[in-house]
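Chemist: With chain A held as given, fit chain B onto it using these hints.
One letter stands for each residue in the lines below.
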Amino acid sequence: GENVEQHPSTLSVQEGDSAVIKCTYSDSASNYFPWYKQELGKRPQLIIDIRSNVGEKKDQRIAVTLNKTAKHFSLHITETQPEDSAVYFCAATPNSGYSTLTFGKGTMLLVSP
Amino acid sequence: DTEVTQTPKHLVMGMTNKKSLKCEQHMGHRAMYWYKQKAKKPPELMFVYSYEKLSINESVPSRFSPECPNSSLLNLHLHALQPEDSALYLCASSQGPLAGGPVNEQFFGPGTRLTVL
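Here the protein sequences line up with chains A and B, keeping their order. Under the working numbering, residues 1 to 113 are what the first sequence spells out, in order. Under the working numbering, residues 1001 to 1117 are what the second sequence spells out, in order.
Please note that the accuracy of each hint is not assured.
Claimed, not checked - With a straight-line cut-off of 27 Å between C-alpha atoms, the simulated DSS-like cross-links for lysine-lysine are:
#1 B/K1019 / B/K1053
#2 B/K1040 / B/K1022
#3 A/K42 / A/K57
#4 A/K68 / A/K57
#5 A/K42 / B/K1036
#6 A/K105 / B/K1041
#7 A/K105 / B/K1009
#8 A/K22 / B/K1036
#9 A/K42 / B/K1022
#10 A/K22 / A/K68
#11 B/K1018 / B/K1053
#12 B/K1018 / B/K1038
#13 B/K1019 / A/K42
#14 B/K1036 / A/K58
#15 A/K42 / A/K68
#16 A/K105 / A/K68
#17 B/K1040 / B/K1053
#18 A/K105 / B/K1018
#19 A/K71 / B/K1053
#20 A/K22 / B/K1040
#21 A/K22 / A/K42
#22 A/K22 / B/K1038
#23 B/K1036 / B/K1019
#24 B/K1041 / A/K22
#25 A/K42 / B/K1041
#26 A/K58 / A/K68
#27 B/K1041 / B/K1009
#28 A/K42 / B/K1040
#29 B/K1036 / B/K1053
#30 A/K71 / B/K1040
#31 B/K1038 / A/K105
#32 A/K42 / B/K1018
#33 A/K42 / B/K1009
#34 A/K105 / B/K1040
These are computed hints drawn from the structure, not numbers from a lab.
With the rest of the complex left out, here is chain A:
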């Protein structure tokens, strides 16, 4: 089955800095890669996703890049703000008809004012 590795496990940045979280996956059949943000005590919320036919996708301060050959994808957050502080999970799934997401272990991002 799929295995997703995520690094780093914790990331501390100053407000205004950029943050990068990296994930690798093992199943070459995976072709959908969402990122979820989970604040303490809240539900995971989809913040951005990318499909394997695209190399990069951007939404305001958030961007995701995908390298299918190397089987890795990354989340980039620019101009970080304290409200970006949360746990971020990457995930991967093959296009089997169900979104059987395999999650990375998560990255706790702390943005200090």
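Modeler: Then chain B, alone, in the frame of chain A:
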């Protein structure tokens, strides 16, 4: 309505109790999921329902029994649980599998925080 709702928000139960968790969505989604999330860990998939039929059971113990009465509702019946089953139980939904179509994003409910004494 663009939300997945779950009840109750919190549940405390003894090991001999029987209780049920409920999940509801009115987005017309035809795939629904149960996840278990322990503290500081990612969600772990338990069950997948597609068009009201159980499609995936990730080797979950029989003390957890899912039910999908209709396309909007998903239940998780609990019986004879163990303290290690204490966790946040998340429900999610997605548009569901389409023949040859792309995988669609999952939307999560707020979860039920379960404590087993």
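Chemist: Which hints, by number, does the structure contradict?
Modeler: 14, 15, 17, 18 and 19
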